[in-house]
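For this note's numbering, count along the sequence shown from 1 and bump the result up by 90.
Possibly wrong hints are sitting among the right ones.
Stated by the list, open to error - Computed Cβ-Cβ distance ranges for the label pairs, DEER-style:
no., residue 1, residue 2, range
1, Arg214, Arg118, 27 to 35 Å
2, Pro149, Met216, 31 to 39 Å
3, Ala159, Glu239, 20 to 28 Å
4, Arg131, Pro152, 14 to 22 Å
5, Ser122, Tyr166, 23 to 31 Å
Think of the hints as simulated: they come from the structure by calculation, not from any bench. The structure displayed is predicted, hence computed values, not measured ones. Idealized CB from N, CA, C, for every residue including glycine.
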Amino acid sequence: MEVTPLSLSQMAVFIDYENMMLCAREERIDFSIDPIMEVLRARGRPVLVRAYGDWGAYPQYPRDLRAHAVDLVQLYRYGVQQKNRADIALAVHAMEVLYTRPHIEMFVIVAGDGDYAPLASKLREMGRRVMGVGIRGSTSPLLVASCDEF
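Please put together the full structure from these sequences, using the hints given.
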């Protein structure tokens, strides 16, 4: 058993799973959470990890996510316009964590969508470090520029 030192930065990880699946499809690659979690655990201590998606549309993936203790946030499909469901839920949850869990030092946004740039900027303004994780070629330059590291 590997023991993680408590002195590592505590981080909250927010994964726009549907966005990452779309980005991976555009780049013709497979998306896996495994290498992301490996890198994050080397950098800090993920104490909260949430993934957002319509899990009925991706029935094979929740098992992989649960293997990393990822909380699955179900986003149901309503109507025709689906674009901002995860964006809004993820941003609301991140702001809730910012104000209710002061021990969280780093926020990790796993997405390629430039709509997360204002969230990253606000988290930085409030004194938190922000790491972005995305897929090369399908990530908004605005999101990259808004994070401390990407």
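Each hint tested on the structure:
Between Arg214 and Arg118 the CB atoms are about 33 Å apart, so this pair conforms to the stated range of 27 to 35 Å. Judged by the Cβ atoms, the range 31 to 39 Å given for Pro149 and Met216 holds: they are separated by roughly 37 Å. Checked against the hint of 20 to 28 Å, the C-beta distance between Ala159 and Glu239 comes to roughly 23 Å, which is consistent with it. At about 20 Å, the beta-carbon gap between Arg131 and Pro152 stays in the expected band of 14 to 22 Å.
For the pair Ser122 and Tyr166, the beta carbons lie near 25 Å from each other, so the given range of 23 to 31 Å is met.
Checked against the numbered hints above, the structure breaks none of them.
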